[in-house]
Amino acid sequence: MNLKPETIEKIDKLVPRYPTVRSAALPLCHLVQEDQGYLSQEAMEWIAERLDLQPINIIEIVTFYPMLRTEPTGQYHVRVCRTLPCALAGAYKTCKSFEKEFGCKVGHTSEDGKVTLEFVECHADCGKGPVVMVGEDEYTDIDPEKAAEMAAKMKSGELPNGL
Amino acid sequence: MALQETRLIFKHIDEEGYTNDIDCYVKNGGYEQLKKAVTMKPEDICAEVLTSGVRGRGGAGFPAGMKWKFLDRKSGKPIYLVCNADESEPGTFKDRQIIHQDPHQLIEGMMCAAFAIQAKLAFIYIRGEFFQGYKILERAIEEAREKNFLGDNILGSGYSCDIIVHRGAGAYICGEETGLIESLEGFRANPRIKPPYFPAALGAYQCPTIVNNVETLCDVKHIIEMGGEGFAKIGTPGNTGTRIWCVSGHVQKPGYYEFACGDVTLGQLINDVCGGLKPGRKLKAVIPGGSSAKILRADERFTGKLKDGTEFDWGIEDIPMDFDSLAAVGSMSGSGGVIVMDDTTDMVEALANINYFYAHESCGQCTPCREGVPWMRKVTQRMVDGEAREEDADLLKSIADQIAGRTICAFGEAASWPVQSFIAKFKDEFVEKAKEQAARRKEGEEVAKETTLI
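Quick note, the sequences are listed as chains E and S, same order.
Per our numbering: the first sequence = residues 1 to 163.
Per our numbering: the second sequence = residues 1 to 454.
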């Protein structure tokens, strides 16, 4: 495992703070995913060993929580909220606009690896729907026109990928 | 009734020049209540919280002081405090504002609560999608530590307590307090069986644990400031303090609005506070307390008796926004997420959208929920895809009836109540959908209509 020194430092600081080492499992999944972009088999085994657990203990967490990934995303990870308040504000149309611009169906990564487009559930900003996340950055009130503008900026590399 | 907001928790939210650092907070009187709290007897703070009558703001509305009273203090085990910042009930976006704009209010409320219950360690379980909120809280905690508002020997009181911010990873079920605890311990968030696992007795690490919502913990700070009796003067008896109503959907001005409990009616909230509906639209339905809450139909008459015996006869717009009134009309105030739907809304699509959510979020532990909720999703999806059957409404209700009450946690009800209430109130639309599709099929037309909500 080739983790950045700052990731190792964060991990070493975090683990002893918890009453049990196992409590650090989910935080470590986050830290390693942020470092590597996703959680490979090797990464899950590394986390398990670091916490004196079995690989299955980590795999069962990774397969349970939607935000943990076992595959890398495209350069841009676009998440469109589709839950009722965002849907009432037009989120499905927003997503269709992204699909058209990227030439890629929701739930998939574009062929050029530029974009992974996903539906997600409520992001708790329902007063400003439709809500779209690009990496860790939040964009609100995204109608289909704004989605097309965002897509253009992603294609040109102008928009930060939020990571 | 006055339409003036009572901003207690949201006093500084969106205030110009108000920043989320500790200097700004302290300049505005921050941490004075913690200074006061550590000079009080912990049991006196608990008594004030009980007197205040403050009910949990996360969804269930259980009196927080009572929850604290259930703490097992005889076991001698360490006590933990957990702030539930998972904010995952669709339609709810109040905790986000507190975390982003006024994080020290939460930290002060938490440390007051931690001192009161004599917690050894405190956690903030924050939903994974709040990337920025996580960073803000981490920074705020370090600022508070530097000023000795948390950590060792807080303000010279001899009491020590730290806060760990623990991030979730996108699972709705982590909002359920025992699921949250499982997640905190490093497991899948499968909720625990109660009894014996009431957190106050057997919570995190099998130790007594209090789990409270962000807003509830902020209330604790204000209860110390104004005293339990003073706090109880806000709102109405049994519905004390303020509520932050998060309004989304088909209104002109969606947003968050804080009112004393019972100070505003649903009609005032929609028409006056939120600027009403879009021109030419009519109100069709409202889900008043997050997507799990039972839907209210705009043309219903609500009659019955309140807890105190008062008879009521309300239209939807007359319902006072508080815990007991919304319960009395057969729904709930839940987490305060008010989802408004106008007459352009297709109720079958709306339910299909909700069912998609719950099917996605079932943890899979209990058979009725794991199997039944995706089944309900399949039925509503089929209906919008052009394969609706006239008997589908009854089928949906029958599945929901077999889930509710048969699961370890309240997710079974959370997933069933929307289905049961949509069918109870809009059955005609579900049947009509099947008839329309049959007619179009007969004419050789495209059977399914283009959908907007699913």
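The set of hints was computed from the structure by calculation and includes no laboratory data.
Just so it is clear, the structure is predicted and the values come from calculations on it, not from any experiment.
A portion of the hints provided could be inaccurate.
[Claimed, not checked] Straight-line C-alpha distance at most 20 angstroms; calculated PhoX-like pairs for lysine-lysine:
no.: 1; chain 1: E; residue 1: LYS13; chain 2: S; residue 2: LYS233
no.: 2; chain 1: E; residue 1: LYS128; chain 2: S; residue 2: LYS278
no.: 3; chain 1: S; residue 1: LYS253; chain 2: S; residue 2: LYS233
no.: 4; chain 1: S; residue 1: LYS397; chain 2: E; residue 2: LYS128
no.: 5; chain 1: S; residue 1: LYS449; chain 2: S; residue 2: LYS397
no.: 6; chain 1: E; residue 1: LYS93; chain 2: S; residue 2: LYS435
[Said to hold, decoys possible] Not close to chain E: a few residues of chain S, all C-beta gaps over 12 angstroms, as computed:
no.: 7; residue: GLY91
no.: 8; residue: MET226
no.: 9; residue: ASP342
no.: 10; residue: ARG382
Ideal placement from N, C-alpha and C gives every residue a C-beta, glycine not left out.
Here's how the hints hold up against the structure:
1. E/LYS13 x S/LYS233: Measuring from Cα to Cα gives roughly 46 angstroms; hence the hint is violated.
2. E/LYS128 x S/LYS278: holds, 16 angstroms
3. S/LYS253 x S/LYS233: Not satisfied, since the Cα-Cα distance of roughly 30 angstroms exceeds 20 angstroms.
4. S/LYS397 x E/LYS128: violated, 33 angstroms
5. S/LYS449 x S/LYS397: violated, 24 angstroms
6. E/LYS93 x S/LYS435: violated, 27 angstroms
7. GLY91: violated, 5 angstroms
8. MET226: holds, 29 angstroms
9. ASP342: violated, 9 angstroms
10. ARG382: holds, 18 angstroms
Going down the numbered hints, you'll see the structure goes against 1, 3, 4, 5, 6, 7, 9, while the others check out.
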